[in-house]
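Could you fit the two chains together into a complex? Lean on the hints.
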Amino acid sequence: MKVEKEEFFEQEVEALIEDIYSQYGYDFSGYARASVYRRVKRFLNNKNVSTVAELKNKVLDDSYYFESFLQEITVNVTEMFRDPSFFQSLRNNVLPMLSTYPFIKIWDAGCSTGEELFSLAILLQEEGLLDRTKIYATDINQKVLKQAKEGIFPTSNIAAYTSGYYASGGKKEFSSYYLSNYGNMKFDSSLIKNVVFYPHNLATDSSFNEFHLVLCRNVLIYFNRELQEKVFKLFDDSLVELGYLALGKKETLAMSQISRNYNFVDKNNRIYRKAS
Amino acid sequence: MEATPELIVIGGSWGGIQASLSILKGLPANYKIPIVLVLHRLRSMEGELQHIYEKKLALKVEEIEEKEEIKACHVYLAPANYHVLIEKDRTFSLDVSELENYSRPSIDVTFTSAVEVFDENMIGILLSGANKDGSSGLQAIRNAGGITIIQDPEEAEVSTMPLSALELVPDCKIMKLERIQEFLNSLA
Chain Z
1 MKVEKEEFFE QEVEALIEDI YSQYGYDFSG YARASVYRRV KRFLNNKNVS TVAELKNKVL
61 DDSYYFESFL QEITVNVTEM FRDPSFFQSL RNNVLPMLST YPFIKIWDAG CSTGEELFSL
121 AILLQEEGLL DRTKIYATDI NQKVLKQAKE GIFPTSNIAA YTSGYYASGG KKEFSSYYLS
181 NYGNMKFDSS LIKNVVFYPH NLATDSSFNE FHLVLCRNVL IYFNRELQEK VFKLFDDSLV
241 ELGYLALGKK ETLAMSQISR NYNFVDKNNR IYRKAS
Chain X
1001 MEATPELIVI GGSWGGIQAS LSILKGLPAN YKIPIVLVLH RLRSMEGELQ HIYEKKLALK
1061 VEEIEEKEEI KACHVYLAPA NYHVLIEKDR TFSLDVSELE NYSRPSIDVT FTSAVEVFDE
1121 NMIGILLSGA NKDGSSGLQA IRNAGGITII QDPEEAEVST MPLSALELVP DCKIMKLERI
1181 QEFLNSLA
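Protein sequences, first through last, are from chains Z and X. Take 1 as the starting number for the first sequence in the numbering used here and just add one per residue. Take 1001 as the starting number for the second sequence in the numbering used here and just add one per residue.
Looking at chain X on its own, in the form it has when it is part of the complex (with noise of 0.2 Å):
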């Protein structure tokens, strides 16, 4: 038997605003797994974001600040126009630096970072979306040894992300919504 993982990192763009809804809506408030949640986003979608999370999800729900500690049962998202970074002490790092595949936040650069500081415990999922992004990120979890998933691309309103990312990690688990959100409750 393995060990709980003790971080999920999700990531999307087109449409995944949706889809990680419609997972993270299933998970009860006790959910004990940190979820970060990377979302390409409109700047104009400021705040608003962490509202609609916070109506349709038991789990609390924060945006990011730095240096803020990774706590259980929470689910946190990254901020508009910040990288968000993984420090050692698992505490959160926020950056400005340079647009990643055009995208600030980048969730290759959230998926990388947390690598680094979680290795193999932890699960990176890549849902619907209209950009590379996130592929190179969970690679560097499938070669940590970390559990890939990617949304089913039949279901994904937008293929092009979990596409992507089947090119690069081939042995992802390729889930549905459903399925993925069944998974997650299996584990805590």
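Here chain Z stands alone, though its shape is the one from the complex (with noise of 0.2 Å):
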């Protein structure tokens, strides 16, 4: 009954999708199309705006309305040490191998504002391999990114990143982290004084290094199978031969023609690596 609004809507997103591509050269092609409607619908819900007709108007004719969708479409929502099970392993199972390298360069794809970044970054201190580690911090959006490299995120969230920090195996007082100030905390900045922060799309953009572990956690639900393809062969031009590929812990590699040489490190927390 509801049926033909939907398709309706379908379209003109289509459309839209299309639109701006050809204008900003952002390819949406390839993500899960549930998650891109429902976010769509969100904006327009969010904005007061009542048509996509309208919508493609605004986001075609004013660049700055543009960054603001584009920030709503790709969701930008993480947290500190998201899974401790998975930031324990990475401590236990992956830093001392890459511990062996003289220098170490990981890439976190799909960073988002920092929180997962800054996670990394505390485990590589309290392993004393922080200072001869190169980080690549990319996302697709520049606006997370400079948010990530300030590193000022809000309190509410203290408790859950606290008893997160010490969940995944933290070593030291959680709050000797950061400061707590107006509602904010603010991390440490040599936490990530060996961080490189710039824009990379995924769907669209290459390789640009070789790693010994790439994090993309959460990112790659969003993307249909073609495009999540696309991704893992990306990554595994980026991978040095034993490199480390952690994903989110719904996310996996069996479908991938990549798979055959990779193995799991920690199956329930989706890290793998690497044949030689």
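Source of the hints: derived by calculation from the structure; they are not laboratory data. Warning: the hint list may mix true and false statements.
[Unchecked claim] The list that follows gives simulated cross-link-like pairs (lysine-lysine, DSSO-like), each with its CA atoms no further than 30 Å apart:
no. : chain 1 : residue 1 : chain 2 : residue 2
1   : Z       : Lys47     : X       : Lys1132
2   : Z       : Lys56     : X       : Lys1088
3   : Z       : Lys143    : Z       : Lys56
Below, the structure is given as structure tokens:
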């Protein structure tokens, strides 16, 4: 019964996606549709825009408006120490192997506002590896990269982050890493002194370096299988032999061509290692 | 005679685990209609929930993996800390976007997404819970012409969830758990 209206909405969004690609070069054609449609509806609702046609005019007329649309469509919700067991596994199973390299290179792909980046940096520091590690933190969205650089997060999540830190095997006082003020926690900027931030679009950009560890957690869930495969290939091209690939807890390499060249380090936490 | 529904979605919060178990344990292993279960739960319950259901149900129980295809004779559990969406090709999508109704997984998110794919050919059931999540999702199912059921608020351990749904969907079916089980068994 509702189908016709829904179909019309979807056709309009598809046209919008094409126009955005030709005007701004951002390619959303490989994004999983259920989420895209939901994000567009949410944006329409929040901004009091009544039709996709109206939205399209605004997005194509005004690049600032497009920025805010981009931010909404690409989910940027993230947290520190999401899945503490993952970070514990990274600490116990991956970092000891990485410590055998004189110089370590890590790619945090889709770093969003930086919560995961700072969690990772804390781990590296506690394991004595931070000074000889370079982290490349990338995201499609320039605005969130700026936020990530600042390392300021709302204190409303402090309790969850603190328990996540200890559950992941944290060795210090969590509060020693940040100053809290005016409802925000500002993390020690020395944690990211070896981090390079720059925009990278997984859907369209290519490999730019070789890494010992690639982290890309809960980003691929927004892509369709075809785009996922393309990104897996990109990660494969970007990993050294015996390099590590860390995905989100519900993401898998299983369907990918590259999977035969990868072994589980920790199945439950979806950490893979490339064969030699 | 109406067509057999192609999907059953069940939501619950406080008291929802027990309530859903008592419905589902009465369904046979060859119960055709796929069932998606969205429960609010503690993150520390990760994984354990699946074992509880596996032990008690004849049906196959799986925690949802992204891109997984919805198959007959399965009960699918929404994973902790992800929203569950359904794609046109009847596969699952996961999403870690904002909490909805203080919840992730949110029942509204899954119900609303399922309607867009299954239209009137689905059943939505809301059980015990101390949260209003699920009400507008149930309304979406109702508006599409699907079957909507709430657990009898008198029987529910916490009645906030079914009562809130009743406000938005006054013509939904009100049933006790035993009756819901009989009803589901009569369909397939």
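Going down the list of hints, with the structure as the test:
1. Z:Lys47 - X:Lys1132: 24 Å, holds
2. Z:Lys56 - X:Lys1088: OK: Lys56 of chain Z and Lys1088 of chain X at ~24 Å, within 30 Å.
3. Z:Lys143 - Z:Lys56: Given that 30 Å is the threshold and the Cα spacing comes to 21 Å, the pair holds.
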